[in-house]
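Q: So the chains spell out like this:
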Amino acid sequence: EDQVTQSPEALRLQEGESSSLNCSYTVSGLRGLFWYRQDPGKGPEFLFTLYSAGEEKEKERLKATLTKKESFLHITAPKPEDSATYLCAVQAYSSASKIIFGSGTRLSIRP
Amino acid sequence: NAGVTQTPKFQVLKTGQSMTLQCAQDMNHNSMYWYRQDPGMGLRLIYYSASEGTTDKGEVPNGYNVSRLNKREFSLRLESAAPSQTSVYFCASSVTGTGSGNTIYFGEGSWLTVV
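If you read the protein sequences in the order shown, they are chains A and B.
For the first sequence, my numbering gives the first residue as 22, with consecutive numbering after it.
For the second sequence, my numbering gives the first residue as 20, with consecutive numbering after it.
Any given hint could turn out to be false.
Taking lysine-lysine pairs in the DSBU-like style, the calculated list, with each CA pair at most 35 Å apart, reads [as the list claims (entries may be wrong)]:
no., chain 1, residue 1, chain 2, residue 2
1, A, Lys90, A, Lys63
2, A, Lys63, A, Lys80
3, B, Lys28, A, Lys100
4, A, Lys78, B, Lys90
5, A, Lys119, A, Lys89
6, A, Lys100, A, Lys78
7, A, Lys119, B, Lys76
8, A, Lys119, A, Lys63
9, A, Lys78, B, Lys33
10, A, Lys80, A, Lys100
11, B, Lys76, B, Lys33
12, A, Lys63, A, Lys78
13, A, Lys90, B, Lys76
14, A, Lys100, A, Lys84
15, B, Lys33, A, Lys119
16, B, Lys28, A, Lys80
17, A, Lys119, B, Lys90
18, B, Lys28, A, Lys63
19, A, Lys84, A, Lys119
20, A, Lys89, B, Lys76
21, B, Lys28, A, Lys84
22, A, Lys100, A, Lys119
23, B, Lys76, B, Lys90
24, A, Lys90, A, Lys119
25, A, Lys80, B, Lys90
26, A, Lys119, B, Lys28
27, B, Lys76, A, Lys63
28, B, Lys90, A, Lys63
29, A, Lys63, B, Lys33
30, A, Lys78, A, Lys90
31, A, Lys89, A, Lys78
32, A, Lys80, A, Lys90
33, B, Lys28, B, Lys76
34, A, Lys78, A, Lys119
35, B, Lys28, A, Lys78
36, A, Lys100, A, Lys90
37, A, Lys63, A, Lys89
38, A, Lys63, A, Lys100
The hints are simulated quantities; they were obtained by calculation from the structure and are not laboratory data.
Since this is a predicted model, take the numbers as computed values, not measurements.
Please work from the sequences and hints to get the whole structure.
A: This is the structure:
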């Protein structure tokens, strides 16, 4: 069964303290892995799509990486405005509509 | 630059009442989706529409109906609301492709409370 597990559930960091969020996945033929940011009371905002193992993408203080079993979202020198819930999702080749989301990691950055 | 627009943003219903959530996208996407988000359970797919005129059940379709009115609009109807349908509902859309992953874009959400 296709599955996405994110860890940790919650992470509190000091401003400037770098860390990583994990997304472990099991899917029959990965078509794409997505990272989203969600602020309270808002819809998920697209960050990255990764397609194959070894791929990396960067945006400001965020870098997403992908292996055959997991993806990491690395946050370098975070700022309070990076506080949000980060969602990971996978799409399988077996069904274009089958986009499975993890439960998310709530990230809090203290000034 | 609207993207995906949902209405209403907030709604309180009594058990047994019916209502329709409206969604429209202006990105010329073929595929549209309705998700619900509950604490600790992530986003779960209710229904999706791969193209105008087609709809299919997702993970949690019971108690809901959908209509793909045209390419832009995809509505979600609760025929007889139940407290278990209290949730945040998100509409989303994406291109429909046969190649690599298709990024989906979300609306701002509709907060529904059934009492």
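Q: All the hints need checking, so say for each whether the structure fits it.
A: Going down the list of hints, with the structure as the test:
For the hint linking Lys90 (chain A) to Lys63 (chain A), the alpha-carbon distance of about 29 Å falls within 35 Å, and the restraint holds. Among the hinted pairs, Lys63 (chain A) with Lys80 (chain A) is consistent with the structure: their alpha-carbon atoms are about 20 Å apart, no more than 35 Å. This hinted pair checks out: Lys28 (chain B) and Lys100 (chain A) have alpha carbons roughly 30 Å apart, not beyond 35 Å. Proposed proximity of Lys78 (chain A) and Lys90 (chain B) is supported: the alpha carbons are some 32 Å apart, at most 35 Å.
About 19 Å separates the Cα atoms of Lys119 (chain A) and Lys89 (chain A), which keeps this hinted pair within 35 Å; it holds. Only pairs whose Cα atoms come within 35 Å are accepted, and Lys100 (chain A) paired with Lys78 (chain A) is accepted, the gap being roughly 19 Å. Note on Lys119 (chain A) and Lys76 (chain B): the hinted pairing holds, with a Cα-Cα distance of about 11 Å set against a maximum of 35 Å. Between Lys119 (chain A) and Lys63 (chain A), the direct Cα distance comes to roughly 23 Å. Compliance with the 35 Å bound is thereby established for this hinted pair.
For the suggested pair Lys78 (chain A) and Lys33 (chain B), the alpha carbons sit about 46 Å apart, so the restraint of at most 35 Å is broken. For the proposed pair Lys80 (chain A) and Lys100 (chain A), the alpha carbon gap of about 14 Å is at most 35 Å, so the pair holds. At most 35 Å may separate the alpha-carbon atoms for a hinted pair to count; Lys76 (chain B) and Lys33 (chain B) meet this at roughly 25 Å. Taking the CA atoms of Lys63 (chain A) and Lys78 (chain A), the gap is about 24 Å. The hint holds against a cut of 35 Å.
Our distance criterion of 35 Å between C-alpha atoms is met by Lys90 (chain A) and Lys76 (chain B), whose separation comes to about 28 Å. Among the hinted pairs, Lys100 (chain A) with Lys84 (chain A) is consistent with the structure: their alpha-carbon atoms are about 15 Å apart, no more than 35 Å. Taking the CA atoms of Lys33 (chain B) and Lys119 (chain A), the gap is near 32 Å; set against the 35 Å cutoff, the hint holds. Simply put, Lys28 (chain B) and Lys80 (chain A) have alpha-carbon atoms about 30 Å apart, close enough for the 35 Å limit, and the pair holds.
Proximity of Lys119 (chain A) to Lys90 (chain B) is assessed by CA-CA distance (about 20 Å); at most 35 Å being required, the pair is judged to hold. Simply put, Lys28 (chain B) and Lys63 (chain A) have alpha-carbon atoms about 11 Å apart, close enough for the 35 Å limit, and the pair holds. For the hint pairing Lys84 (chain A) with Lys119 (chain A), the CA-to-CA distance comes to about 25 Å; that is within 35 Å, so the pair holds. A hinted pair counts as satisfied when its Cα atoms are at most 35 Å apart, and Lys89 (chain A) with Lys76 (chain B) qualifies at roughly 29 Å.
Pair hint Lys28 (chain B) plus Lys84 (chain A) holds up; C-alpha atoms about 33 Å apart against a cutoff of 35 Å. For the given pair, Lys100 (chain A) sits about 34 Å from Lys119 (chain A) by alpha-carbon distance, which is consistent with the 35 Å threshold. Note on Lys76 (chain B) and Lys90 (chain B): the hinted pairing holds, with a Cα-Cα distance of about 18 Å set against a maximum of 35 Å. Between Lys90 (chain A) and Lys119 (chain A) the CA atoms are separated by roughly 18 Å; this keeps the pair inside 35 Å, and the hint holds.
Only pairs whose Cα atoms come within 35 Å are accepted, and Lys80 (chain A) paired with Lys90 (chain B) is accepted, the gap being roughly 32 Å. Proximity of Lys119 (chain A) to Lys28 (chain B) is assessed by CA-CA distance (about 26 Å); at most 35 Å being required, the pair is judged to hold. Among the hinted pairs, Lys76 (chain B) with Lys63 (chain A) is consistent with the structure: their alpha-carbon atoms are about 25 Å apart, no more than 35 Å. Taken as a hint, the Lys90 (chain B) and Lys63 (chain A) pair is honoured in the structure, with Cα atoms around 24 Å apart against an allowance of 35 Å.
Our distance criterion of 35 Å between C-alpha atoms is met by Lys63 (chain A) and Lys33 (chain B), whose separation comes to about 25 Å. A distance of roughly 17 Å separates the Cα atoms of Lys78 (chain A) and Lys90 (chain A); the hinted pair therefore holds under the 35 Å criterion. With a CA separation close to 16 Å, the supplied pair Lys89 (chain A) and Lys78 (chain A) stays within the 35 Å bound. Simply put, Lys80 (chain A) and Lys90 (chain A) have alpha-carbon atoms about 22 Å apart, close enough for the 35 Å limit, and the pair holds.
Of the supplied pair hints, the one linking Lys28 (chain B) and Lys76 (chain B) holds, its CA atoms being roughly 24 Å apart against a limit of 35 Å. Pair hint Lys78 (chain A) plus Lys119 (chain A) holds up; C-alpha atoms about 23 Å apart against a cutoff of 35 Å. With a C-alpha separation of about 33 Å, the suggested pairing of Lys28 (chain B) with Lys78 (chain A) holds against the 35 Å cut-off. Between Lys100 (chain A) and Lys90 (chain A) the alpha-carbon distance is near 29 Å, which keeps this suggested pair within the 35 Å criterion.
With a C-alpha separation of about 31 Å, the suggested pair Lys63 (chain A) and Lys89 (chain A) falls inside the 35 Å cut-off, and the hint holds. Distance check on the hinted pair: Lys63 (chain A) and Lys100 (chain A) sit about 20 Å apart at the alpha-carbon level, within 35 Å; holds.
Hint check: a violation occurs at hint 9 only; the rest are consistent with the structure.
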